[in-house]
Every structure is written in C-alpha cells, then in structure tokens.
Amino acid sequence: MDFKLSEQHKMVRKITREFAEEYISPVAEESDQESRLDPKVMEEMKRMKYFGACVPQEYGGAGLDTLGFAIATEEIGRVDASWSITFAVHASVCCYPILRFGNENQKQKFLIDLAKGEKIGAFCLTEANAGSDAGGVETNAVLDGDEWILNGSKIFATNGGIADTLI
Numbered sequence: 008m009d010f011k012l013s014e015q016h017k018m019v020r021k022i023t024r025e026f027a028e029e030y031i032s033p034v035a036e037e038s039d040q041e042s043r044l045d046p047k048v049m050e051e052m053k054r055m056k057y058f059g060a061c062v063p064q065e066y067g068g069a070g071l072d073t074l075g076f077a078i079a080t081e082e083i084g085r086v087d088a089s090w091s092i093t094f095a096v097h098a099s100v101c102c103y104p105i106l107r108f109g110n111e112n113q114k115q116k117f118l119i120d121l122a123k124g125e126k127i128g129a130f131c132l133t134e135a136n137a138g139s140d141a142g143g144v145e146t147n148a149v150l151d152g153d154e155w156i157l158n159g160s161k162i163f164a165t166n167g168g169i170a171d172t173l174i
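In terms of the numbering used here, the sequence shown is residues 8 to 174.
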C-alpha cells in the first residue's frame with residue numbers, strides 16, 4: 008500500500024498550513040481568552056471554502072475527499088485546537104449527514120449556505136442523562152400534521168453558541 012500523499016493532498020496541506028499560520032495563529036490566544044471567533048478568520052475561511060471542505064462543488068463546497076479534509080483539519084489544529092474543532096464539526100458532522108441522508112430540497116435549503124459559511128452548523132448529541140451515548144439519548148421527534156415537534160434538551164452542543172443549523 009502506498010502511503011505517500013498525492014500532489015493534491017500536498018497542496019491542501021501547504022495552503023492550509025499557510026492559511027492557519029497567517030490568519031489563525033496571530034489571533035488564537037485572544038480568541039481563546041475572549042471565547043470568540045475572529046471575524047477576519049471567518050471571512051477568509053469562507054473565501055477559501057473551508058466551511059464546505061467536504062461538500063461537493065455542485066453545492067458550493069470545495070469537494071475535498073476524506074484525506075484532504077483530515078489534512079486540512081490537522082493543519083488548522085497545529086495552530087489552534089478550537090478553530091480545528093469548530094471547522095471539523097461544521098464541515099463534517101453537520102454538513103455530511105445532510106449531504107448523505109438529506110433529500111434534494113434539504114440540500115438546497117441547508118447545505119449551500121453551510122458550504123459557503125453563510126450559516127454555521129452545530130452538533131447536538133450530549134444529554135444530561137445519556138452523556139454522548141447516542142443509543143441513550145431521550146430527545147425525540149414526533150410528526151404532528153405537517154410539522155415535526157422536537158422534545159428533549161441538549162448540553163455541550165459543539166458550535167452551539169454560533170450556529171444557525173443544528174444536527
């Protein structure tokens with residue numbers, strides 16, 4: 008098995024490393040102390056399509072494969088774990104289920120804005136009585152006519168404080 012990176016993957020690593028060092032590293036400590044994400048970094052991430060890293064180009068994403076996404080996550084994490092988590096949760100745990108399991112209407116409604124970074128996604132698994140055991144969650148959804156009613160509560164929702172779309 009060949010474990011060498013392709014030229015495309017090397018380029019993802021180089022570009023993301025340069026991005027992280029130029030934009031994230033200078034503001035990482037301040038962002039951490041103030042518990043906020045720097046708007047200039049957010050804008051640059053939008054411009055470079057990081058928010059749509061795993062999303063196909065037809066929905067406005069960068070269309071990276073899994074390895075390319077992992078490399079980008081690793082390079083961002085080299086300079087700041089918080090940015091890496093924010094990026095990874097949004098780009099994978101929020102966008103991917105919509106891409107994989109959403110119908111075309113849902114993809115058009117949610118995925119395009121998520122891929123552009125116009126909306127931010129959160130992952131809401133943890134519950135007080137279940138922790139992060141997906142099999143033990145108590146939250147449920149009940150169809151009531153044409154609407155779904157969600158019952159339950161979540162804690163520690165990654166990206167919850169900045170999110171527009173919750174998974």
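Hint data in this document are derived by calculation from the structure and do not stem from the laboratory.
There's no promise every hint is true.
With a straight-line cut-off of 30 Å between C-alpha atoms, the simulated DSSO-like cross-links for lysine-lysine are [as the list claims (entries may be wrong)]:
{"hint": "1", "residue 1": "Lys126", "residue 2": "Lys114"}
{"hint": "2", "residue 1": "Lys11", "residue 2": "Lys114"}
{"hint": "3", "residue 1": "Lys21", "residue 2": "Lys47"}
Simulated DEER-style distance windows between Cβ atoms [unchecked claim]:
{"hint": "4", "residue 1": "Arg20", "residue 2": "Asp151", "range": "40 to 50 Å"}
{"hint": "5", "residue 1": "Arg107", "residue 2": "Arg54", "range": "22 to 32 Å"}
{"hint": "6", "residue 1": "Ser89", "residue 2": "Ala135", "range": "33 to 43 Å"}
{"hint": "7", "residue 1": "Val149", "residue 2": "Arg54", "range": "39 to 49 Å"}
{"hint": "8", "residue 1": "Glu51", "residue 2": "Glu14", "range": "16 to 26 Å"}
{"hint": "9", "residue 1": "Pro33", "residue 2": "Leu150", "range": "41 to 51 Å"}
{"hint": "10", "residue 1": "Lys116", "residue 2": "Ala77", "range": "26 to 36 Å"}
Positions of the beta carbon are idealized from the N, C-alpha and C atoms, including for glycine.
Hints versus structure:
1. As the CA atoms of Lys126 and Lys114 are separated by approximately 13 Å, the hinted pair is consistent with the 30 Å bound.
2. For the proposed pair Lys11 and Lys114, the alpha carbon gap of about 34 Å is over 30 Å, so the pair is violated.
3. Taking the CA atoms of Lys21 and Lys47, the gap is near 20 Å; set against the 30 Å cutoff, the hint holds.
4. Distance hint for Arg20 and Asp151: a CB-CB separation of about 49 Å, consistent with the stated range 40 to 50 Å.
5. Remark: the range hint 22 to 32 Å for Arg107 to Arg54 is upheld by a beta-carbon distance near 26 Å.
6. For the pair Ser89 and Ala135, the beta carbons lie near 24 Å from each other, so the given range of 33 to 43 Å is not met.
7. Between Val149 and Arg54 the beta carbons are some 41 Å apart, a value that agrees with the proposed interval 39 to 49 Å.
8. A beta carbon spacing of about 24 Å between Glu51 and Glu14 agrees with the range 16 to 26 Å that was offered as a hint.
9. Under the hint 41 to 51 Å, the C-beta atoms of Pro33 and Leu150, about 49 Å apart, fit the expected range.
10. Against the hinted window of 26 to 36 Å, the Cβ-Cβ separation of Lys116 and Ala77 comes to about 28 Å, which satisfies the hint.
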